[in-house]
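S.K.: Chain by chain, the residues run as shown.
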Amino acid sequence: MKPLTAAWQATLDDYPTELAVSRDGAVVAAGTASGKLQVFDASAGDLLHTLDAHAGGVLALAFGRNALASAGQDGHARLWDVKSGTATAALPGGSGWASHLQWTPDGKRLATAAGKNVKLWNEQGAAIQQWTASAGINGLAFNAVGGLLAATAGAEVLLWRCADGGLDRRLKWVSTLINTHWSPDGKVLAAGSIDKSVHFWRAGAWLDSKMGGYAKKPQVLAWSADSKFLATTGEDAIIVWNFSGKGPEGSKPMQLLHHLRAPDVLTAHPKKPLLLSGSPDKTIVLWDLKAGEAPQGQATLAAAVSALAFHPSLAMAYACDAEGTLSAFWIDP
Amino acid sequence: MASKIPVTVLTGFLGAGKTTLLNRILTEQHGQRIAVIENEFGEIGIDQALVINADEEIFEMNNGCICCTVRGDLIRILGQLLKRRDKFDRILVETTGMADPGPVAQTFFMDEDMKAQFALDGLVTVVDAKHLLLHLDDSEEAQKQVAFADVILLNKCDLVSAEELKAVEQRVRRINAVAKLILTTNADAPINAVLDVGGFDLSRAIEVNPDFLQPEYPFEWAGLYKLDGAAELVAGACGHDHGHDHHHHHVHDEHHLKLALLPVPASGEDALKSAADKGIRAFANAAEDRAPGSAIEPSMTPWRLELHGAHAHFPLRVAAPGHYVLLSEHAPEEFHLTLKSADGKTLRPVLAKYFEEGHSHDEAVTSVGIRCEGQVDSSLFSGWISAVLSTQGNDIFRSKGILNVAGRDRRYVFQGVHMVMDGRETTPWLAGESRDNTLVFIGKNLDRAKLNEGFRACLRT
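Chains as they are written, first to last, in our numbering: chain W, 1 to 333; chain B, 1 to 461.
Rather than coming from a laboratory, the hints here were simulated on the basis of the structure.
Just so you know, not all the hints are guaranteed correct.
[What the hints assert, rightly or not] Pairs of lysine-lysine, DSBU-like flavour, derived with a Cα cap of 35 Å:
id, chain 1, residue 1, chain 2, residue 2
1, W, Lys116, B, Lys87
2, W, Lys196, B, Lys345
3, B, Lys166, B, Lys130
4, W, Lys272, W, Lys216
5, W, Lys252, W, Lys210
6, B, Lys340, W, Lys216
7, B, Lys83, W, Lys2
8, B, Lys87, W, Lys282
9, W, Lys290, W, Lys271
10, B, Lys340, W, Lys116
11, B, Lys340, B, Lys226
12, W, Lys187, W, Lys228
13, W, Lys210, B, Lys83
14, B, Lys4, W, Lys210
15, B, Lys226, W, Lys216
16, B, Lys345, B, Lys273
17, W, Lys271, W, Lys172
18, W, Lys196, B, Lys115
19, W, Lys271, B, Lys226
20, B, Lys345, W, Lys172
[As the list claims (entries may be wrong)] Not close to chain W: a few residues of chain B, all C-beta gaps over 10 Å, as computed:
id, residue
21, His30
22, Gln32
23, Ile52
24, Val70
25, Gly198
26, Phe283
27, Arg304
For each residue, glycine too, the CB sits at the ideal point set by N, CA and C.
Construct all of the structure, not just a fragment, from the sequences and the given hints.
M.R.: Here it is, written out as structure tokens:
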């Protein structure tokens with residue numbers, strides 16, 4: 001394993017909460033605890049814009065096909081044109097924090113959640129659908145074709161049809177679920193529970209499968225781009241379930257152990273089977289899921305890792321630490 | 001590891017004075033930066049405070065079990081707040097009057113992330129002296145908020161009479177015998193009595209009202225009278241509903257009342273106390289029946305009065321004028337018990353005292369205290385306490401204890417919320433110090449006798 005070499009560094013205005021790279025790879029945006037968005041040239045690291053996005057912190061950040069969407073503690077989501085650095089639409093959420101947002105895979109539509117309320121918008125910021133769950137939303141995910149929106153609320157995942165707003169089905173567990181992630185191919189929906197297990201349902205049969213044995217709740221899940229691997233936190237090691245072939249039922253997961261303290265940030269490469277993990281022990285580690293349990297690269301930040309992202313085409317990844325530094329690293333294989 | 005951020009939970013019904021207290025905490029110069037998580041909108045008048053609205057969302061670990069619930073909104077919000085660590089020193093969580101304090105407290109014991117980063121400092125409950133009794137009768141939430149509290153602000157004391165206040169205090173004490181009780185008129189408690197309470201801090205000794213840990217008395221009331229000669233005791237069967245104090249009514253024989261009369265050498269608290277201790281032995285003797293009209297004398301034999309009809313009269317025969325203590329199985333107001341002089345005037349006790357009731361089972365929320373000497377066998381104790389908490393954890397809101405563990409030189413201190421418990425060794429016992437074990441359980445359906453018995457079985461003989 002070799003150290004990851006730094007490409008560039010920038011200092012953010014506050015604690016970074018979120019990090020996102022545009023789909024075309026031109027810019028990287030960081031959201032901060034003070035509610036600002038800072039947009040950088042992804043390859044050179046030049047600061048392009050500092051935007052006053054939210055009163056209170058930024059809670060979610062994601063790029064669509066064209067627009068950047070942010071959601072924050074002021075209860076709103078906003079759409080941004082990162083080229084000009086201007087807000088293009090304000091998407092009111094309601095009372096409570098706007099804590100989740102998710103673009104459809106094609107990046108044309110956006111779902112936002114604030115408290116129990118979920119809304120679907122087009123990329124111009126016009127509302128298309130809205131739903132109210134019986135409990136606060138803990139996660140949103142679109143399936144591959146964007147026709148179904150999954151939202152975790154309490155101990156269930158609600159599947160809503162984007163076309164007519166109807167409730168397609170409820171996937172229930174007995175304990176509260178804390179996130180939800182659809183595999184990129186749309187075949188498997190996974191959700192972590194506070195009872196220290198990960199659940200998944202295969203689209204079509206919708207039978208609940210449970211993967212237990214975690215020391216802590218699996219707060220963060222990440223699917224590999226090829227839908228073969230589901231990486232999860234909740235242990236000192238990253239637990240990776242293999243969904244190729246017969247699937248993870250009855251199999252032993254890979255255990256990626258290298259951090260000194262349990263990692264709490266994961267991000268999967270949008271195209272390759274690469275995973276980046278970050279830990280409160282200040283380290284980030286690069287993994288190649290096809291290559292097994294050996295770490296491929298490591299770097300140490302100045303403070304606990306707060307956010308990670310891959311560049312879609314350059315061999316580059318980004319990491320933020322709790323002190324407010326954004327670092328770009330080369331991840332050459 | 002960095003020190004944990006203290007969390008204070010503020011509970012109380014709407015209108016009790018919670019917001020007044022909150023605003024005072026936020027405006028007073030105490031040098032602490034406080035982030036407030038509030039559930040009732042728009043009440044805080046402080047612009048610069050970091051105030052976050054939350055939803056009181058319950059997360060279930062397992063269907064239906066209150067012991068396994070945590071507050072999801074707190075986990076989410078506190079998780080985010082951690083990212084602003086440099087901006088505040090303390091968290092204050094305000095809950096609505098309808099909130100169950102259980103899930104809030106459990107959040108800081110059951111969720112690993114919360115446990116690692118935050119320390120629950122204390123639960124502060126603000127109650128309104130004027131309306132508390134009503135709320136306690138109507139609402140389980142009100143009972144729980146009093147039961148869970150480390151500090152209770154009995155507010156709006158100016159709106160009630162001294163007698164009403166006393167009744168409220170007694171009711172509060174009956175539910176929660178160990179909370180710090182502060183009487184206020186405008187929620188004007190000293191800030192340091194509300195923040196930094198250390199209610200869940202194992203290194204701080206449990207302060208227990210010594211009265212609460214008194215031995216169990218077989219009578220509910222003792223009155224010290226000055227008798228100048230012949231007198232008469234008047235009592236009636238409790239045939240009607242008193243309405244205002246349901247909670248004093250237990251299932252008992254309404255047509256008989258057991259009491260004892262004991263001479264004391266002088267007036268005063270000490271005389272009353274020694275008569276009460278003597279009364280324990282007297283009440284252990286077989287009672288003698290007394291029909292109305294027959295005499296009652298000072299004796300180590302208790303009397304069992306037959307009470308039929310509204311008022312039965314019993315002459316009191318005392319050998320010489322002096323001070324006497326009347327010990328009554330039930331509170332005198334339950335039987336309209338009064339003493340009258342020969343000329344028909346009502347005699348009032350010089351001193352009177354209510355005792356923790358001796359009955360073993362109570363539907364209402366109450367506190368059970370155990371204090372005894374002896375060395376605790378640690379394996380017997382852990383078996384017993386985990387059995388108690390796993391079978392009765394739903395009903396036991398708080399448990400605390402300081403133990404003298406056999407073979408150990410330090411105090412073992414534990415603290416629990418429902419089924420979750422935390423314990424460790426703290427300060428050493430000093431030479432010559434009395435190594436008492438002290439345990440407190442607060443909850444409903446508590447079996448006082450069984451808890452006592454169970455704990456005593458953990459002692460080494």
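S.K.: Hints first: check each against the structure and report whether it holds.
M.R.: Checked hints:
Proposed proximity of W/Lys116 and B/Lys87 is supported: the alpha carbons are some 28 Å apart, at most 35 Å. For a cut-off of 35 Å, the pair hint linking W/Lys196 to B/Lys345 is broken: about 72 Å separates their Cα positions. Between B/Lys166 and B/Lys130 the alpha-carbon distance is near 12 Å, which keeps this suggested pair within the 35 Å criterion. For the proposed pair W/Lys272 and W/Lys216, the alpha carbon gap of about 28 Å is at most 35 Å, so the pair holds.
Between W/Lys252 and W/Lys210 the CA atoms are separated by roughly 13 Å; this keeps the pair inside 35 Å, and the hint holds. Using a Cα cut-off of 35 Å, the hinted pair B/Lys340 and W/Lys216 is violated, with the two alpha carbons roughly 70 Å apart. A distance of roughly 30 Å separates the Cα atoms of B/Lys83 and W/Lys2; the hinted pair therefore holds under the 35 Å criterion. For the given pair, B/Lys87 sits about 21 Å from W/Lys282 by alpha-carbon distance, which is consistent with the 35 Å threshold.
For the hint linking W/Lys290 to W/Lys271, the alpha-carbon distance of about 13 Å falls within 35 Å, and the restraint holds. At roughly 67 Å between alpha-carbon atoms, B/Lys340 and W/Lys116 are farther apart than 35 Å, so this suggested pair is violated. Under the criterion of a C-alpha separation no larger than 35 Å, the hint pairing B/Lys340 with B/Lys226 is consistent with the structure, at around 12 Å. Between the alpha carbons of W/Lys187 and W/Lys228 the distance comes to roughly 11 Å, so the proposed pair stays at or under 35 Å and holds.
As the CA atoms of W/Lys210 and B/Lys83 are separated by approximately 32 Å, the hinted pair is consistent with the 35 Å bound. Restraint check for B/Lys4 and W/Lys210: the C-alpha separation of about 34 Å stays at or below 35 Å, so the hint holds. Restraint check for B/Lys226 and W/Lys216: the C-alpha separation of about 68 Å exceeds 35 Å, so the hint is violated. A threshold of 35 Å between alpha carbons decides the hint, and for B/Lys345 with B/Lys273 the separation of about 27 Å falls inside it, so the pair holds.
The suggested pairing of W/Lys271 with W/Lys172 holds, with an alpha-carbon distance near 31 Å, which does not exceed 35 Å. In summary, the hint linking W/Lys196 to B/Lys115 is supported, as the alpha carbons are separated by about 16 Å, within the 35 Å threshold. Using a Cα cut-off of 35 Å, the hinted pair W/Lys271 and B/Lys226 is violated, with the two alpha carbons roughly 94 Å apart. Our distance criterion of 35 Å between C-alpha atoms is broken by B/Lys345 and W/Lys172, whose separation comes to about 73 Å.
Every Cβ of chain W is farther than 10 Å from the Cβ of B/His30; the closest lies at roughly 24 Å, confirming the non-interface assignment. Even its closest Cβ contact with chain W, about 20 Å, leaves B/Gln32 beyond 10 Å, as expected for a residue assigned away from the interface. The Cβ of B/Ile52 sits about 7 Å from the closest Cβ of chain W, inside the 10 Å cut-off, so the non-interface label is violated. In this structure B/Val70 is not separated from chain W by more than 10 Å, as the shortest Cβ-Cβ distance comes to only about 7 Å.
The Cβ of B/Gly198 lies farther than 10 Å from every Cβ of chain W, with a closest approach of about 27 Å, so its non-interface assignment holds. With a closest Cβ-Cβ approach of about 52 Å to chain W, B/Phe283 is found to remain outside the 10 Å limit, as its non-interface label requires. Chain W leaves B/Arg304 outside its interface by the beta-carbon criterion, the shortest separation being 55 Å against a cut-off of 10 Å.
Violated hints for the displayed structure, listed by number in ascending order: 2, 6, 10, 15, 19, 20, 23, 24.
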